[in-house]
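Novice: Chain by chain, the residues:
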Amino acid sequence: MSTTRKIQTPLTEDVIASLHAGDMVLLSGEVYTARDAAHRRLCEALSQGLPLPIDLATSTIFYAAPSPTPPRRVIGSIGPTTSYRMDAFTPALIEHGLRAMIGKGSRSAQVIESIKKNKAVYFGAIGGIAALTAGRVTKIDLVAYEDLGPEAIRKLSILDLPLVVINDSRGNDLYLSEREKWRTLS
Amino acid sequence: MRRINARKITKAVKTLFIEANTVLGKDVMEALQKALSTEESDTGRQVLQKMIENADIARREKIPICQDTGLAVVFVELGQDVRVTGGPLQEAIEEGVRQAYQDGYLRKSVCDPLTRANTNDNAPSILHMDIVPGNQLRIIAMPKGGGSENMSAARMLTPAAGIEGIKKFVLETVEAAGANPCPPIIVGVGIGGSLEQACILAKKALLRPLDGEHNKDERLARMEDELLKRINALGIGPGGLGGRVTALAVSAEMMPCHIASLPVAVNLQCHVARHKEVII
Ligand code: SF4
Chain X
0 MSTTRKIQTP LTEDVIASLH AGDMVLLSGE VYTARDAAHR RLCEALSQGL PLPIDLATST
60 IFYAAPSPTP PRRVIGSIGP TTSYRMDAFT PALIEHGLRA MIGKGSRSAQ VIESIKKNKA
120 VYFGAIGGIA ALTAGRVTKI DLVAYEDLGP EAIRKLSILD LPLVVINDSR GNDLYLSERE
180 KWRTLS
Chain E
0 MRRINARKIT KAVKTLFIEA NTVLGKDVME ALQKALSTEE SDTGRQVLQK MIENADIARR
60 EKIPICQDTG LAVVFVELGQ DVRVTGGPLQ EAIEEGVRQA YQDGYLRKSV CDPLTRANTN
120 DNAPSILHMD IVPGNQLRII AMPKGGGSEN MSAARMLTPA AGIEGIKKFV LETVEAAGAN
180 PCPPIIVGVG IGGSLEQACI LAKKALLRPL DGEHNKDERL ARMEDELLKR INALGIGPGG
240 LGGRVTALAV SAEMMPCHIA SLPVAVNLQC HVARHKEVII
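If you read the sequences in order, they're chains X and E.
Quick note: the first sequence, position 24, residue 23 per numbering that gives the first Met the number 0, numbers continuous.
Quick note: the second sequence, position 163, residue 162 per numbering that gives the first Met the number 0, numbers continuous.
Extracted from the complex, chain X is given alone in its bound form:
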């Protein structure tokens, strides 16, 4: 594992190309929350040729839905949801420009292939440390699909969100390589 590096959204082609599976990063800038229901809507809009509420090419999507914001706080607790449920939608979003995603858990072979082909990146966040992660969010704004409640698309301003590169633009997969390294079961 290399030392932690600070990066900023929107992530440029050069920055994405320089990221390697296993790199620890602190991400700052803006990310958009979108999970199951929002992914379905985004892809429906794409297939109907309708405009999207976010610009995929410059956006980093965070698979997350925060808990409600209590009084006098910026945001409730927030952390990644499991990414494989978005796998059915992800290649279409990547084809239309998406280059950066944050979630937890392994991606499908098709998604990893699409990440490699289009020089994208998938970051892992640690699941279940949502009170800690909330402290890295400085602002939250509703962007679209308010009727989806917690699943609406929200823009988060983040400062130094700790992430690790899971799938880099070369097709490496950190979950697999680490598991192999530590596996002792015969």
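In short, the hints are calculated from the structure, not lab data.
This list has only true hints and no planted wrong ones.
Computed cross-link-like contacts, DSS-like style, restricted to lysine-lysine with a CA-CA straight-line distance of at most 25 Å:
no., chain 1, residue 1, chain 2, residue 2
1, E, K25, E, K61
2, E, K107, E, K10
3, X, K115, X, K5
4, E, K7, E, K107
5, X, K180, E, K167
6, E, K215, E, K167
7, X, K180, E, K166
8, E, K107, X, K154
9, X, K138, E, K61
10, E, K275, E, K25
11, E, K167, E, K228
12, E, K166, E, K228
13, E, K203, E, K33
14, X, K5, E, K49
15, E, K49, E, K275
16, E, K203, E, K166
17, E, K49, E, K33
18, E, K10, E, K275
19, X, K138, X, K5
20, E, K275, E, K61
21, E, K49, X, K138
22, E, K228, E, K25
23, E, K167, E, K203
24, X, K180, E, K49
25, E, K107, X, K138
26, E, K10, E, K203
27, E, K203, E, K228
28, X, K180, E, K33
29, E, K228, E, K33
30, E, K228, X, K180
Covered, in the sense of this in silico footprint (three residues per stretch, anywhere, with C-beta under 8 Å from a C-beta of chain E), are these stretches of chain X:
no., region
31, 59-71
32, 96-105
Heads up, the beta-carbon is just placed ideally off N, CA and C, and yes, glycines get one too.
With chain X's structure known, arrange chain E with the ligand on it following the hints.
Specialist: Relative to the frame of chain X, chain E with the ligand by itself:
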């Protein structure tokens, strides 16, 4: 007959769900500390440290440990000499869930299975009720996260598969789950009964305190030990980023089953292992 007012039950359920979602049990905290001392991976140790720090922040600031504040699973043991007054028992519990999720700023994570429209109050709960001797009411609140629940599985094995078949199924389930259920996990195993009873046993197994206690049945105690060792040899590690601690515990519960069957359920629980109980 002892009378218990429905309002008292609503209040208890509300308090339990808010507490369960913000204060991680002492046994879980201790198990994470212990994991920190045995984990050999640097990354794994960092992840465990963050989990402990996170639970500290949640408790101090009274905010949810995890943004997924769960499906509201409720176990009730109703003493047969108790009479609930002032409204139906089930409605009192549902109201407690609604109030907890609304007033406690907990995320409402329940929806119609087909339209996916949110019910907007985290009801209905998943209610398991047992009638027991006595004049007390015991309520256990267990907010259950979707990430670990999704990776759980049940299978009707053949009697010929035996205990080796059970172990194989548990290992397969944990290995396929990988990083998804937010390891280090707790593995609940339910053996016997019927399809649904095996699942309920597996879920009840997750309520066992993480103090190293085993099932009293020697065969199960040995299986729990062996499975924990083998699971922790899978290499998945904290956060799925590689390491020695993939599970904190394996707990199994068992009951007799049909001569034709060997039902087995594996219920996975993430490191945010939440359950709180009260006896009224
Ligand atoms: S599996 Fe548990 S820790 Fe992970 S996101 Fe769900 S509730 Fe949180």
